[in-house]
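There are 2 protein chains.
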Amino acid sequence: MKPILVVGSMAFDSVETPFGKVERALGGSATYFSIASSFFSELKMVAVVGEDFPETTLDLLRNRGVDVSGVQRQSGKTFFWQGKYGYDLNAAQTLETQLNVFEKFRPEIPKSHRSTPYVFLANIDPELQIQVLEQVKDPELVACDTMNFWIQGKPSVLTDLFRRVDIVFMNEGEARQYAQEANLVRAARKILTLGPEWLVIKQGEYGSLLFSKEEVFSAPAYPLEKIYDPTGAGDTFAGGFMGYLSSVGQVTSTSLRKAVVFGSVLASFNVEDFSFNRMLSLNAEQILSRYREFERLTHFHAETEFPSIRLLNSTPR
Amino acid sequence: MKPILVVGSMAFDSVETPFGKVERALGGSATYFSIASSFFSELKMVAVVGEDFPETTLDLLRNRGVDVSGVQRQSGKTFFWQGKYGYDLNAAQTLETQLNVFEKFRPEIPKSHRSTPYVFLANIDPELQIQVLEQVKDPELVACDTMNFWIQGKPSVLTDLFRRVDIVFMNEGEARQYAQEANLVRAARKILTLGPEWLVIKQGEYGSLLFSKEEVFSAPAYPLEKIYDPTGAGDTFAGGFMGYLSSVGQVTSTSLRKAVVFGSVLASFNVEDFSFNRMLSLNAEQILSRYREFERLTHFHAETEFPSIRLLNSTPR
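Residue numbers (my numbering), protein chains in the order written: chain A, 1 to 317; chain B, 1001 to 1317.
Don't take every hint at face value.
[Unchecked claim] Below, simulated DSSO-like cross-link-like pairs (lysine-lysine); rule was C-alpha separation at most 30 Å, straight line: (1) B/1190 with A/21; (2) B/1077 with B/1021; (3) A/190 with B/1190; (4) B/1084 with A/190; (5) A/213 with B/1226; (6) A/77 with A/21; (7) A/77 with A/111; (8) A/226 with B/1190; (9) B/1084 with B/1226.
Keep in mind the hints are simulated off the structure, nothing from the lab.
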């Protein structure tokens, strides 16, 4: 098992969906990522919170084996996001963002964390993501996430970042926007020429795609009858993905494909309730059971001989 | 092998996409379906064409083993559709529809066709689809397609139809519209209570879902770098699906899953060129090769023992 250093946000989120709403629920990319990853791996978190962030949430993370000694507590308020989802749960409408203590966040990686073998750079300013990479010591695997705001505002910094990471996570709109290419396959190929070996494209309720220069892997989303709140689904996906990779400690086509499925499994649970509430009651048996359901969901028998098929029109006419 | 009776439209389509355009290209739901199915099965077509429909196209179908003796030629013009696609190739904008001879089409199933074991009712007025079922004799398998126009205009006739068919094909927007349910899984469950044993939900570039009361199967679309024209993709999908089922002659969970993949294979080829041009140069080897690529695209190893995973948080806290 390879411990994971994660750098990202901790936040309060007020979220409204067609199925209910929550006020100032616990959130943030590093929080979702760490809780999902903690089922598989040991985490070291670097983030910033304000005076208003509850110590009980840090305790909750500590109880899951997450090292929160790198979480800075600063005077002021914690990052706050307010958003709303309609029936199209793939797209959030941001109503308010208060950066608060996050505005002046400069990630400082404690000495004890600098040799962590796996690094996940959650969605923050790509200049800060690069600053993290300048502090860590020869990580075996670096993955990053980003968002439309940075693609729009700092595309060349992102390109610098992509040259230095192994795995990039993006959603499909972001991949198209960054590559300036409407076709998703060509957009992916273009991003892979910049440096990363693997690109994971998240497609919300449609699942996800894993691209390398040599192959493509497609995984569906788990078909859910009730999706309460998609907030944090992408970070939870990345957490399950990186957590699984960390638990097996090797990065191969086989382990990456399984990692995508574990990412999908964790994300599918997370959207079943607001905030990360569903994660807190989740157990190993439920994770493995849903992983096997993904197998049933996608399995078909490959035909190698096709003995039974009459291919009547086997030559071009 | 179980021959297939298909009833639907034959048409001229003028189509514009970001990648080019064609004027009065050959099209129609029954045409696309039959050409795709003809790789696997023997087809009997029932449709109507005008005086302007080229005999060479009927010859092309005959050469592929399609029985076109049920295609009526009537005085007047053939059905004409003009449409346009933007970069979002999932949604066509209809610019013009001329029903022409199709306006008074009443499908008459020739006596020689009435005992065909498999029946596919392509997208036409559901009252006509029911008229077809009243003429055929105990088919083993009946499948139907439909569209938003009929869901809007004749929902109760569609419900009558669904009670009498085994497999319904819809796209995801149509399934949500018909079931009046935003969640796709719940929409599917609702439609399955009406009678059909299986529901295939087409999701364009995102693939497709096969639902029964007991299971769900998800297949991706083939990741293509160039999609020239999605016209006819749904009918080609249904043609590959039904053609494969027909070639194996049994309808089981296993054969249906493979049928979805063969449908996806044929549809993926069809969108590579305008009209059904790509189908005409396609051969068996290419079909089987792409089927195997779908296997590589979706395969991951199921974990049964998970010996390598440390699930650290295995009990709820």
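Verification of the hints:
no.: 1; hint: B/1190 with A/21; verdict: holds (27 Å)
no.: 2; hint: B/1077 with B/1021; verdict: holds (22 Å)
no.: 3; hint: A/190 with B/1190; verdict: violated (42 Å)
no.: 4; hint: B/1084 with A/190; verdict: holds (28 Å)
no.: 5; hint: A/213 with B/1226; verdict: holds (17 Å)
no.: 6; hint: A/77 with A/21; verdict: holds (22 Å)
no.: 7; hint: A/77 with A/111; verdict: holds (27 Å)
no.: 8; hint: A/226 with B/1190; verdict: holds (14 Å)
no.: 9; hint: B/1084 with B/1226; verdict: holds (17 Å)
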